[in-house]
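J.: Sequence:
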Amino acid sequence: MKKMIALWLPALLLLNLSGCKKDLVTSIESPSGEIKIEVFTLADGQAAYAVQYQGKMLVDTSGLAFEFRDDPPLINGLKITETTTRKFSETWEMPWGEQRFVDSHFNELKLAFAEKEGLKRKFDLVFRVYDDGLGFRFEFPEQENMGEVFITEERTEFNLTGDHKVWWTPGDWDISEHLYSTTRFSEIDALSKRNHPNLAQTHIPVNAVNTPVTMKTDDGVYLSFHEAALINYSSMTLAIDPEKLSMTTNLVGSWRDYKVEQKTPFNTPWRMIQIADRAGDLIESKLILNLNEPSKMEDTSWLKPLKYVGIWWEMHLDISTWAMAGGRHGATTDNALRYIDFAADNGIDALLIEGWNTGWEDWIGTANREGIYDFVTPYPDYDIEAVVNYGRARGVDIIMHHETSAAVTTYEQQLDTAYALIEHLGINAVKTGYVGTIIPEGEYHHNQFMVNHYQKVIETAARHKVAVNSHESAMASGLRRTWPNKFAMENIRGQEFNAWASDGGNPPEHLTIVPFTRMLAGPIDYTPGIFNIKLGPTKPDNQVNTTLAHQLALYVVLYSPIQMAADLPENYEGHPAFQFIKDVGVDWEQTRVLDGEIGEFVTIARQERETGNWFLGSVTNEDKRNITVRTDFLEPGFTYLARIYADAPDAHWFDNPTDYKIEEMEVTSQSSLNLLLAPGGGVAISFHKKN
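When you line the sequence shown up against this note's numbering, it's residues 1 to 691, in that order.
Derived by calculation from the structure, the hints in this document are not laboratory data. Predicted, not measured: the structure shown is a model, and the values here were computed from it. No residue lacks a Cβ here, since even glycine has one placed at the ideal position from N, Cα and C. Each hint should be verified, as a subset may be incorrect.
Below, simulated DSS-like cross-link-like pairs (lysine-lysine); rule was C-alpha separation at most 27 Å, straight line [claimed, not checked]:
no.	residue 1	residue 2
1	465	304
2	296	263
3	56	263
4	689	304
5	216	244
6	661	582
7	661	534
8	286	165
Now the in silico label distances, taken between C-beta atoms and shown as ranges [claimed, not checked]:
no.	residue 1	residue 2	range
9	362	426	21 to 31 Å
10	43	150	28 to 38 Å
11	293	33	42 to 52 Å
12	220	362	46 to 56 Å
13	43	183	26 to 36 Å
14	573	241	51 to 61 Å
Take the sequences, apply the hints, and build the full model.
T.: Structure, rendered in structure tokens:
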């Protein structure tokens with residue numbers, strides 16, 4: 001289903017009557033008229049813009065500039081030579097996702113800028129304004145005095161109009177596995193996070209934040225800043241000026257004396273601002289997808305969202321090891337067959353097997369990690385063909401695992417061979433990992449070199465009909481629309497930190513912040529579903545800092561088309577609450593964010609594709625909470641059986657995390673549910689339509 005309307009119209013250049021700061025001003029509004037963008041040149045000829053929302057300034061006059069290694073900066077002495085606008089409207093269908101159909105309605109303003117003197121370089125500045133926010137990017141055409149370029153810095157400013165409340169992580173060139181801080185903008189201090197004991201490869205050169213970075217104004221307006229369509233460019237962090245209340249792009253660099261190498265013609269990624277009156281609207285927005293190009297894959301029928309179990313959590317619990325040496329190898333044929341039987345008996349689609357291939361003994365503590373992994377050779381105690389065939393006979397797919405140890409050259413040398421093997425085996429999904437500092441030395445996980453590497457992996461996988469779940473990679477930027485085999489990414493301080501972090505793991509508030517921050521970038525492989533909350537007997541000093549009901553709710557709250565039942569099979573067998581994990585969907589017809597406040601709680605309902613069943617998840621921070629849920633999202637005129645997995649009255653994330661209750665009741669679209677969430681707790685509900 002696709003409907004499209006596009007109209008090109010001439011734009012009017014308007015004189016700014018004040019004349020003191022701005023030269024020529026042109027503007028464009030969102031379809032609703034609530035968001036207004038002004039673009040102009042300053043007195044010195046610098047390109048600049050400003051953003052208003054509902055008549056109030058949100059982003060004040062902000063300059064735009066580029067610095068180059070071999071050429072003068074592109075900053076002053078510019079003139080606007082032409083402006084055009086267009087209106088665009090379409091509805092497109094997602095092959096998988098949070099909803100089936102996505103509306104894309106925007107007004108576009110394109111301005112041609114040129115230098116008056118000197119090299120007379122030129123570029124187009126394109127703004128697309130939607131009702132839920134805006135994106136803008138620079139488009140550099142092929143031109144005589146600008147061929148190959150080496151960008152040392154992009155200077156895109158975001159000048160705020162208040163000292164907003166901000167949920168942020170430090171602008172790290174290597175990882176996204178930090179806990180969120182909640183401060184006023186003027187109190188952001190990213191440099192204090194650079195020596196975290198559990199984040200060995202951290203590189204934070206300046207006081208900057210990673211994106212998405214989400215804010216709330218004192219007037220109750222929510223903002224989130226990120227980038228879309230990150231292709232052949234360096235990832236963006238945002239450098240903080242706490243006194244001026246300003247952010248400026250600070251691109252991730254490398255050992256080189258420049259950060260981006262390009263050749264005209266080229267486009268930058270979209271710089272994106274989401275704007276909402278309600279926190280939940282940030283989650284419901286599909287701005288990041290609409291700023292990406294349509295799918296380049298002709299056939300997506302083989303892409304299947306799924307639930308999986310894995311030979312994974314047992315390694316984090318020190319029950320087994322990735323390496324074969326030592327006699328506690330997890331990825332054995334017998335162990336894999338045991339997991340396959342469990343998955344088949346419980347309707348779980350797939351099994352992830354980590355530690356199946358040779359090289360793990362040489363990884364730990366090895367400085368030179370090049371050449372240690374072989375991505376086609378299994379350990380002697382793992383019969384890969386037998387495991388795949390047994391899984392196929394029992395209706396369970398295998399998920400391949402490629403831990404590269406961040407030795408990128410080694411991985412690329414084996415890339416075609418490794419994915420040919422996956423295709424030969426009939427496997428359609430792989431989990432990739434990049435733990436450690438990047439090799440070649442001087443590269444970083446989020447720089448242009450690695451962005452291009454991740455893209456090469458995605459395109460190679462697509463040719464072999466393989467979906468990718470990527471860990472330790474650059475932040476998602478909506479490319480799953482263009483490459484739908486880009487299934488999920490980690491980009492988060494995940495569940496495993498609860499098993500081995502020395503700082504106590506992830507606090508209960510963590511997953512009340514993530515939906516409004518990291519999840520705005522795309523699907524998350526968080527690995528929920530831990531029932532053995534206290535992690536005994538092997539990890540007596542660690543625990544998962546939620547209740548069991550909270551873990552169930554995460555299957556709805558945290559979106560991913562590939563959801564893991566992460567705990568050990570023996571902790572699920574015979575457990576009544578496991579029924580929710582077996583029932584819950586992974587592919588959705590529509591999503592409704594019913595209520596929520598960042599860092600406090602969130603309640604989300606999703607309707608499963610094909611079946612029409614609804615599922616609801618709600619989680620809270622350390623505070624006990626009573627919530628009221630109106631079920632008006634259900635189809636009118638029908639009765640549904642609601643099965644409620646809730647915290648018991650005395651449940652508590654630390655003192656009593658596994659106490660829960662299950663209740664059933666009949667509800668309609670006119671019902672209202674009063675629910676109690678324990679401290680660090682949650683609730684999960686399935687709604688099945690009665691015949």
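J.: Now tell me, hint by hint, if it's right for this structure.
T.: Hints, one by one, checked against the model:
1. 465 <-> 304: Cα-Cα ~11 Å, so holds.
2. 296 <-> 263: holds (23 Å)
3. 56 <-> 263: violated (39 Å)
4. 689 <-> 304: Satisfied, since the Cα-Cα distance of roughly 24 Å is no more than 27 Å.
5. 216 <-> 244: holds (17 Å)
6. 661 <-> 582: Holds: residue 661 and residue 582 sit about 17 Å apart, inside 27 Å.
7. 661 <-> 534: holds (19 Å)
8. 286 <-> 165: holds (23 Å)
9. 362 <-> 426: 21 to 31 Å: holds (30 Å)
10. 43 <-> 150: 28 to 38 Å: Cβ of residue 43 to Cβ of residue 150: about 29 Å, so the range 28 to 38 Å holds.
11. 293 <-> 33: 42 to 52 Å: At roughly 27 Å between Cβ atoms, residue 33 and residue 293 fall outside 42 to 52 Å, so the hint is violated.
12. 220 <-> 362: 46 to 56 Å: Given range 46 to 56 Å: holds, Cβ gap about 55 Å.
13. 43 <-> 183: 26 to 36 Å: Given about 35 Å between the Cβ atoms, the range holds.
14. 573 <-> 241: 51 to 61 Å: For residue 573 and residue 241 the Cβ distance comes to about 55 Å; the hint holds.
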